[in-house]
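Undergrad: What follows is the residue order along each chain.
Protein chains: 2
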Amino acid sequence: MNFVSIQLDSSSNEPLYLQLFSKIKEAILSDELIIGYRLPAIRRLAKDLSVNNVTVINAYKQLESSGYVTSKKGSGFYVTKPNTPEISLMTLPPTTIKENCINFSSASPHPAIFPTDSFKYCLDEVIDRDKGFAFGYQEANGFMPLREILAEYLEKTHRIHTSPSHIQIVSGAQQGIDIIAKSCLNAGDYVVTETPTYNGATDAFKSRSSRIVTVELTPFGIDLIEFEKKVNVCKPKLVYVMTKFQNPTTLCYAPYTLKQLLALAEKYNFYLVEDDSTSELSYTDRAPYSLKAFDTQDRVIYIKSFSKLLMPGLRIGFLVIPDALLDRFTKTKQMTDIASSGLIHRSLDLFFRTHKWEEHLSYMKAIYSGKYELMLSQLENLKALGVTFNIPNGGLCFWLKLPKGLSAYKLYERCLESGLLILPSTLFYSTMHKERDHYIRLSFAPCDAKEIVEGIAILEKCIKKGLS
Amino acid sequence: MNFVSIQLDSSSNEPLYLQLFSKIKEAILSDELIIGYRLPAIRRLAKDLSVNNVTVINAYKQLESSGYVTSKKGSGFYVTKPNTPEISLMTLPPTTIKENCINFSSASPHPAIFPTDSFKYCLDEVIDRDKGFAFGYQEANGFMPLREILAEYLEKTHRIHTSPSHIQIVSGAQQGIDIIAKSCLNAGDYVVTETPTYNGATDAFKSRSSRIVTVELTPFGIDLIEFEKKVNVCKPKLVYVMTKFQNPTTLCYAPYTLKQLLALAEKYNFYLVEDDSTSELSYTDRAPYSLKAFDTQDRVIYIKSFSKLLMPGLRIGFLVIPDALLDRFTKTKQMTDIASSGLIHRSLDLFFRTHKWEEHLSYMKAIYSGKYELMLSQLENLKALGVTFNIPNGGLCFWLKLPKGLSAYKLYERCLESGLLILPSTLFYSTMHKERDHYIRLSFAPCDAKEIVEGIAILEKCIKKGLS
Numbered sequence: 001m002n003f004v005s006i007q008l009d010s011s012s013n014e015p016l017y018l019q020l021f022s023k024i025k026e027a028i029l030s031d032e033l034i035i036g037y038r039l040p041a042i043r044r045l046a047k048d049l050s051v052n053n054v055t056v057i058n059a060y061k062q063l064e065s066s067g068y069v070t071s072k073k074g075s076g077f078y079v080t081k082p083n084t085p086e087i088s089l090m091t092l093p094p095t096t097i098k099e100n101c102i103n104f105s106s107a108s109p110h111p112a113i114f115p116t117d118s119f120k121y122c123l124d125e126v127i128d129r130d131k132g133f134a135f136g137y138q139e140a141n142g143f144m145p146l147r148e149i150l151a152e153y154l155e156k157t158h159r160i161h162t163s164p165s166h167i168q169i170v171s172g173a174q175q176g177i178d179i180i181a182k183s184c185l186n187a188g189d190y191v192v193t194e195t196p197t198y199n200g201a202t203d204a205f206k207s208r209s210s211r212i213v214t215v216e217l218t219p220f221g222i223d224l225i226e227f228e229k230k231v232n233v234c235k236p237k238l239v240y241v242m243t244k245f246q247n248p249t250t251l252c253y254a255p256y257t258l259k260q261l262l263a264l265a266e267k268y269n270f271y272l273v274e275d276d277s278t279s280e281l282s283y284t285d286r287a288p289y290s291l292k293a294f295d296t297q298d299r300v301i302y303i304k305s306f307s308k309l310l311m312p313g314l315r316i317g318f319l320v321i322p323d324a325l326l327d328r329f330t331k332t333k334q335m336t337d338i339a340s341s342g343l344i345h346r347s348l349d350l351f352f353r354t355h356k357w358e359e360h361l362s363y364m365k366a367i368y369s370g371k372y373e374l375m376l377s378q379l380e381n382l383k384a385l386g387v388t389f390n391i392p393n394g395g396l397c398f399w400l401k402l403p404k405g406l407s408a409y410k411l412y413e414r415c416l417e418s419g420l421l422i423l424p425s426t427l428f429y430s431t432m433h434k435e436r437d438h439y440i441r442l443s444f445a446p447c448d449a450k451e452i453v454e455g456i457a458i459l460e461k462c463i464k465k466g467l468s
Numbered sequence: 001m002n003f004v005s006i007q008l009d010s011s012s013n014e015p016l017y018l019q020l021f022s023k024i025k026e027a028i029l030s031d032e033l034i035i036g037y038r039l040p041a042i043r044r045l046a047k048d049l050s051v052n053n054v055t056v057i058n059a060y061k062q063l064e065s066s067g068y069v070t071s072k073k074g075s076g077f078y079v080t081k082p083n084t085p086e087i088s089l090m091t092l093p094p095t096t097i098k099e100n101c102i103n104f105s106s107a108s109p110h111p112a113i114f115p116t117d118s119f120k121y122c123l124d125e126v127i128d129r130d131k132g133f134a135f136g137y138q139e140a141n142g143f144m145p146l147r148e149i150l151a152e153y154l155e156k157t158h159r160i161h162t163s164p165s166h167i168q169i170v171s172g173a174q175q176g177i178d179i180i181a182k183s184c185l186n187a188g189d190y191v192v193t194e195t196p197t198y199n200g201a202t203d204a205f206k207s208r209s210s211r212i213v214t215v216e217l218t219p220f221g222i223d224l225i226e227f228e229k230k231v232n233v234c235k236p237k238l239v240y241v242m243t244k245f246q247n248p249t250t251l252c253y254a255p256y257t258l259k260q261l262l263a264l265a266e267k268y269n270f271y272l273v274e275d276d277s278t279s280e281l282s283y284t285d286r287a288p289y290s291l292k293a294f295d296t297q298d299r300v301i302y303i304k305s306f307s308k309l310l311m312p313g314l315r316i317g318f319l320v321i322p323d324a325l326l327d328r329f330t331k332t333k334q335m336t337d338i339a340s341s342g343l344i345h346r347s348l349d350l351f352f353r354t355h356k357w358e359e360h361l362s363y364m365k366a367i368y369s370g371k372y373e374l375m376l377s378q379l380e381n382l383k384a385l386g387v388t389f390n391i392p393n394g395g396l397c398f399w400l401k402l403p404k405g406l407s408a409y410k411l412y413e414r415c416l417e418s419g420l421l422i423l424p425s426t427l428f429y430s431t432m433h434k435e436r437d438h439y440i441r442l443s444f445a446p447c448d449a450k451e452i453v454e455g456i457a458i459l460e461k462c463i464k465k466g467l468s
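Quick note, the sequences are listed as chains A and B, same order.
When the letters of the first sequence are read in order and numbered with full-length UniProt numbering, they come out as residues 1 to 468.
When the letters of the second sequence are read in order and numbered with full-length UniProt numbering, they come out as residues 1 to 468.
Don't take each hint at face value.
It does not matter which identical chain is used: a pair holds within one copy or between any two.
[To be verified] Below 30 Å or equal to it, Euclidean Cα-Cα: the simulated DSBU-like pairs (lysine-lysine) are:
1. Lys401 / Lys23
2. Lys72 / Lys23
3. Lys131 / Lys450
4. Lys72 / Lys461
5. Lys410 / Lys331
In case anyone wonders, no lab produced these hints; they're calculated from the structure.
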């Protein structure tokens with residue numbers, strides 16, 4: 001942006017400082033000024049534009065209070081507002097991935113293993129049973145029988161105690177996050193997330209003009225010491241965590257960390273958001289612990305996705321909402337899309353009631369644990385090259401730390417040329433983080449055995465090339 | 001709110017003005033301080049709280065720049081930020097309406113006339129044809145063949161020229177509005193709407209902390225003189241209009257008004273949002289004019305809903321997006337829910353391609369025009385009581401002006417007691433408008449002939465009782 005050429009109109013009704021505010025705001029929103037850019041010094045810009053210093057000060061303060069810039073004492077004003085949100089490769093549709101490429105990037109199952117026939121059966125049964133009512137407006141929070149059976153399911157398998165009236169059916173976890181953001185966040189509010197984290201969540205939080213504060217992960221979950229320090233200063237409204245097979249690090253939280261988080265939520269008066277997409281996929285006898293299961297003070301908003309476990313195209317998931325927030329969430333859902341498709345609610349309800357969900361889940365677990373073991377065994381070969389990784393014992397991914405000096409993004413590009421799609425850690429970290437180019441995420445979800453073996457071989461070659 | 005009892009903590013890290021800002025903000029968001037409330041005078045509050053005047057000034061300015069209050073010269077600061085959005089009765093689920101009540105409030109068809117069987121046929125065909133891919137992730141903007149056939153449809157029947165790449169499939173018109181709001185509005189931006197208007201739209205705009213400016217309607221559409229005056233001052237980002245069978249007034253815009261609006265959009269650099277839910281339902285030979293059809297400068301975001309014409313529970317509609325906004329809208333859709341359900345996209349595509357849409361539309365038009373004529377004939381009886389109304393020649397509703405001295409809200413309550421549900425105009429106006437309690441909206445969509453005749457008879461009795 002060429003600040004000297006900014007045109008202000010002194011004959012306009014609009015004060016000069018607001019005109020200047022708008023011009024800089026537009027430049028930030030249109031990507032012309034990027035995050036971290038330092039605005040010109042106040043006196044210099046005032047001189048260049050032939051306006052009073054106060055005009056520039058007021059414009060900068062307006063930008064600051066609107067969340068577009070932040071001031072550092074003695075150093076000036078820096079752009080903080082994200083322009084257009086970065087979109088993750090994970091949300092790219094499969095059609096944009098070139099053919100014959102081995103895909104370690106998507107954590108969605110291959111369409112060939114979807115329970116297509118049994119779901120079709122449920123759709124047909126529902127339409128025959130409910131006729132036109134299957135296509136009418138649904139209650140904003142969703143079809144009640146489905147909410148009832150989901151409450152039972154949570155109790156039985158996740159030790160989460162809730163009632164159907166506290167469940168809201170949403171069109172997938174991403175919509176759940178969007179609804180949470182709209183219900184809980186106003187401009188300038190703080191949100192704490194893990195780092196690295198899922199950028200689809202931070203995008204939704206940022207779209208509310210809220211500010212993101214990140215906290216490092218330890219092997220037991222979020223770093224509690226750093227966390228409390230930051231929470232004490234920024235007084236967040238929300239804390240967003242993935243406690244089970246965290247995305248992308250594959251870590252599971254220790255019970256101690258979960259309980260401490262809940263105690264801190266009481267102490268500092270924030271809500272915790274627990275995003276759970278794959279906790280059912282544990283390949284050992286020990287299932288990971290759920291934050292919501294320990295939540296005696298009703299401080300946790302729980303998100304369950306079915307995209308990874310069932311079929312992403314159904315666009316269905318659900319929230320468990322604390323009692324104090326229930327009314328607000330219902331209104332937000334109505335304002336967002338009135339309600340999700342009742343036909344899908346009713347069909348999923350029947351899918352659960354006819355025990356097809358249980359059958360499907362055991363089938364998926366059998367398939368996935370085989371792929372998991374295979375990829376794990378292949379990854380052993382990479383250790384000699386200096387690659388290290390956590391053993392997740394569940395989920396759909398591995399998170400690999402690369403040997404020193406190797407750029408994750410460059411490795412991603414090199415693999416792509418060789419016909420392998422991986423996700424570089426740059427997608428999961430903010431632009432400033434020192435570790436942002438050191439990791440890659442590999443998913444085995446959409447691949448068959450042959451692809452897993454071939455893909456790791458390509459990866460090995462590319463790492464070797466990068467090191468040489 | 002008792003301002004005198006506000007507690008500020010001078011030992012905190014947080015500046016006093018930010019503490020004060022937060023307390024007043026919370027009071028506004030929690031409904032304690034309502035729109036139009038005048039904040040205490042600066043000096044008085046500073047004295048009461050034993051703080052410097054500047055602390056109060058800074059807190060008030062922060063509230064102003066965040067859109068929670070507005071200042072009037074020489075008069076003080078007034079609350080402008082809406083608290084929790086009002087939710088329209090229209091969005092209430094059918095289950096909350098008591099049984100045996102005649103329902104003139106919902107503009108949705110009765111589930112008995114949904115094309116259930118033919119849609120089931122399409123669902124089954126699609127699953128057999130596409131197998132698992134029918135349940136996979138869809139491209140963010142939707143299934144391309146559906147976008148192609150919708151572009152053809154617009155060209156043929158609405159004289160709207162666009163390309164499939166400018167169409168985005170959304171989960172109903174409400175989600176379309178939400179996506180527009182998120183893509184185009186930041187805190188403090190202005191939006192112009194008609195008054196009265198659909199409150200589901202204003203709720204979505206307000207949720208972005210934008211400010212709403214309303215303009216009266218004339219028989220030819222929005223009042224262009226008042227409109228330009230206001231636009232000149234507030235420089236809106238968006239102007240939201242329903243040009244065809246406007247909700248709730250049933251008015252259609254004259255071509256002159258449409259063309260003037262487009263010229264003003266160029267002059268003042270805003271985008272027009274045209275929300276079209278029922279334009280297909282014209283009961284004369286002359287179809288109403290579409291703003292988008294005249295849009296040579298790519299200034300119109302067009303929203304098409306299928307909820308009123310097909311089945312609301314499908315949750316499907318689409319946007320036509322100006323080229324300059326396309327990338328932004330795609331990203332917003334991904335951030336909102338990644339994509340809508342591909343199964344529904346594919347089935348609707350087949351529904352169009354097998355000419356079921358045309359058949360269904362003629363069937364709906366035949367049914368609705370019969371109900372329209374019947375309600376119109378019954379309404380004649382009310383004229384003697386001083387009721388007046390526009391003759392819409394299309395759509396699903398009538399908009400009745402009540403005789404002087406009769407409260408729409410009280411009439412709504414009286415009708416409800418007598419087993420009839422109507423919509424009072426209070427739902428469509430802001431709280432300050434002088435006409436807000438003078439009209440009612442009646443829809444014939446979900447009723448059969450007997451209910452229409454009985455319902456109007458109940459209404460007549462209740463009006464008479466109100467006048468006596």
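Undergrad: A separate judgement is required for each hint: does it hold in the structure or not?
TA: So, going through the hints one by one against the coordinates:
| no. | hint | verdict |
| --- | --- | --- |
| 1 | Lys401 / Lys23 | neither (43 Å within a copy, 45 Å between copies) |
| 2 | Lys72 / Lys23 | both (22 Å within a copy, 24 Å between copies) |
| 3 | Lys131 / Lys450 | between (45 Å within a copy, 23 Å between copies) |
| 4 | Lys72 / Lys461 | neither (46 Å within a copy, 69 Å between copies) |
| 5 | Lys410 / Lys331 | between (45 Å within a copy, 25 Å between copies) |
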